[in-house]
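Could you put together the complete structure from these sequences and hints?
Positions 15 to 296 (my numbering) are the ones given, in order, by the sequence shown.
Read the hints as simulated data drawn from the structure, not as lab findings.
Each residue gets a CB set at the ideal place from its N, CA and C atoms; glycine is no exception.
A hint or two may mislead.
Said to hold, decoys possible - Listed below are the simulated SDA-like cross-link pairs for lysine to any residue, each with C-alpha atoms no more than 25 Å apart in a straight line: (1) 71 x 294; (2) 201 x 185; (3) 71 x 179; (4) 40 x 28; (5) 274 x 294; (6) 274 x 242; (7) 40 x 267; (8) 154 x 135; (9) 40 x 71; (10) 154 x 242; (11) 154 x 256; (12) 40 x 257; (13) 98 x 56; (14) 136 x 274; (15) 154 x 257.
Unchecked claim - Each pair of labels, with its calculated beta carbon distance range: (16) 192 x 48: 28 to 38 Å; (17) 35 x 275: 30 to 40 Å; (18) 231 x 291: 42 to 52 Å.
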Amino acid sequence: MTPSMLERMRASCQLASDCLLMVGEKLRAGMTTDEVNTLVHEFIVSNDAIPSPLNYKPGGAPRPFPKSVCTSVNEVVCHGIPGKRRLENGDIVNVDVTTYFRGFHGDTSATFYIGEPSAEAKLVTETARHCLELGIAQVKDGARIGDIGAAIQEYAEGRGCSVVREYVGHGVGREFHMPPQVPHYGKRGAGQRLRAGMVFTIEPMINVGHYETEMLDDQWTVVTRDRSLSAQFEHTVLVTRTGCEVLTHRRGVLRSSEDKPWTSVGPLSTRAAFEARNPAGT
Numbered sequence: 015m016t017p018s019m020l021e022r023m024r025a026s027c028q029l030a031s032d033c034l035l036m037v038g039e040k041l042r043a044g045m046t047t048d049e050v051n052t053l054v055h056e057f058i059v060s061n062d063a064i065p066s067p068l069n070y071k072p073g074g075a076p077r078p079f080p081k082s083v084c085t086s087v088n089e090v091v092c093h094g095i096p097g098k099r100r101l102e103n104g105d106i107v108n109v110d111v112t113t114y115f116r117g118f119h120g121d122t123s124a125t126f127y128i129g130e131p132s133a134e135a136k137l138v139t140e141t142a143r144h145c146l147e148l149g150i151a152q153v154k155d156g157a158r159i160g161d162i163g164a165a166i167q168e169y170a171e172g173r174g175c176s177v178v179r180e181y182v183g184h185g186v187g188r189e190f191h192m193p194p195q196v197p198h199y200g201k202r203g204a205g206q207r208l209r210a211g212m213v214f215t216i217e218p219m220i221n222v223g224h225y226e227t228e229m230l231d232d233q234w235t236v237v238t239r240d241r242s243l244s245a246q247f248e249h250t251v252l253v254t255r256t257g258c259e260v261l262t263h264r265r266g267v268l269r270s271s272e273d274k275p276w277t278s279v280g281p282l283s284t285r286a287a288f289e290a291r292n293p294a295g296t
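Put into C-alpha cells, the structure is as follows:
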C-alpha cells in the first residue's frame with residue numbers, strides 16, 4: 015500500500031477497533047447475539063461507515079451474510095450469524111468486526127468472557143490470545159508466511175490445543191478478502207515472502223479439541239466437529255522494514271476480555287492492556 019492508501023486504511027482499522035472496545039463495555043449475560051449485532055451496526059453507520067459483513071457474498075457462497083457482525087459462541091469457530099441465542103454465564107463469544115470506511119476494510123476480532131469461565135474456556139481463549147501475539151512477532155520484511163503459522167502451531171499444540179486448518183488469515187484493503195492467504199499452521203521458511211507495505215490479517219482459530227470443523231445448514235456458521243470450545247483473536251497488520259504495525263491496535267483495555275487477572279497480554283497484540291499492567295515499562 016502507498017502512504018495515501020495507508021492513511022485511509024489506518025482510519026478504517028481504528029474505527030473497527032473502537033467498535034470492538036464499545037462491544038466489550040456492553041456485553042453481559044442475558045443479551046442476545048442479535049443485540050450485539052444491533053450495537054455494532056449502529057456504531058458503524060453512525061460513523062459514516064458500512065459494516066463489511068452485511069450482504070457479503072464471496073464466490074461459491076449460496077447466500078449473502080445476513081448480519082453486520084459475526085458472533086461465534088463456544089463451539090462456533092467462525093462466521094456465527096447473530097440471532098436469538100442468549101449469552102449465558104460461562105460462555106465465550108468471539109465478535110468479529112469489519113468496517114468499510116474511506117474505501118478500505120478494517121478487520122479485527124476478539125473473544126470475550128461472559129461471567130465466570132471454566133478452566134477449559136480460559137485455556138482455549140488465552141492460548142488463542144497468545145497465539146496472535148506470537149504470530150505478529152514473526153512479521154517483518156523478508157520473513158515467510160510459514161513463519162507465522164509455525165509459531166502459532168507450535169505454541170497451540172504445546173498447550174494441548176489444535177489449530178483450525180480450513181479458515182485462515184487473508185489480505186485486506188480495498189477488498190474484504192484478497193491474497194495472500196495466511197495459514198495459522200505450517201513450517202518456518204516456507205510460503206510467500208513478506209514485503210514492506212503488505213497488509214493482511216492474522217486470526218488464529220484455536221480449538222480445545224480436534225481441529226476438524228463442519229458447516230451448519232445455514233451455510234455460514236462453522237463449528238468444531240467434536241463440539242469442543244473454540245476461540246479466536248484477529249488483528250490487521252502492516253509489514254514494515256523493521257517489523258510490523260498493528261493497524262487495528264486498541265486505544266484502551268478490552269473489557270470482558272483483557273481485564274481479567276488471568277489473561278495473557280503482550281506488547282504487540284494487546285498494547286494498551288500490556289502498558290496498563292506494566293507502567294513505565296516495568
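Outcome of the hint check:
Of the supplied pair hints, the one linking residue 71 and residue 294 is violated, its CA atoms being roughly 46 Å apart against a limit of 25 Å. Taken as a hint, the residue 201 and residue 185 pair is honoured in the structure, with Cα atoms around 20 Å apart against an allowance of 25 Å. Simply put, residue 71 and residue 179 have alpha-carbon atoms about 22 Å apart, close enough for the 25 Å limit, and the pair holds. Restraint check for residue 40 and residue 28: satisfied, since their Cα atoms lie roughly 19 Å apart, inside the 25 Å limit.
Restraint check: the Cα-Cα separation between residue 274 and residue 294 comes to about 21 Å, which is no more than 25 Å; the hinted pair holds. For a cut-off of 25 Å, the pair hint linking residue 274 to residue 242 stands: about 23 Å separates their Cα positions. This hinted pair checks out: residue 40 and residue 267 have alpha carbons roughly 14 Å apart, not beyond 25 Å. Proximity of residue 154 to residue 135 is assessed by CA-CA distance (about 32 Å); at most 25 Å being required, the pair is judged violated.
Our distance criterion of 25 Å between C-alpha atoms is broken by residue 40 and residue 71, whose separation comes to about 29 Å. Using a Cα cut-off of 25 Å, the hinted pair residue 154 and residue 242 is violated, with the two alpha carbons roughly 34 Å apart. Taking the CA atoms of residue 154 and residue 256, the gap is near 6 Å; set against the 25 Å cutoff, the hint holds. Distance hint between residue 40 and residue 257 is unfulfilled; the C-alpha atoms sit about 34 Å from each other, more than 25 Å.
At most 25 Å may separate the alpha-carbon atoms for a hinted pair to count; residue 98 and residue 56 meet this at roughly 18 Å. With a C-alpha separation of about 10 Å, the suggested pairing of residue 136 with residue 274 holds against the 25 Å cut-off. For a cut-off of 25 Å, the pair hint linking residue 154 to residue 257 stands: about 4 Å separates their Cα positions. Distance hint check: the CB atoms of residue 192 and residue 48 are about 30 Å apart, consistent with the given range 28 to 38 Å.
Take residue 35 and residue 275: their Cβ atoms lie about 20 Å apart, and the range 30 to 40 Å is violated. Between residue 231 and residue 291 the Cβ separation comes to about 44 Å, which falls inside the hinted range of 42 to 52 Å.
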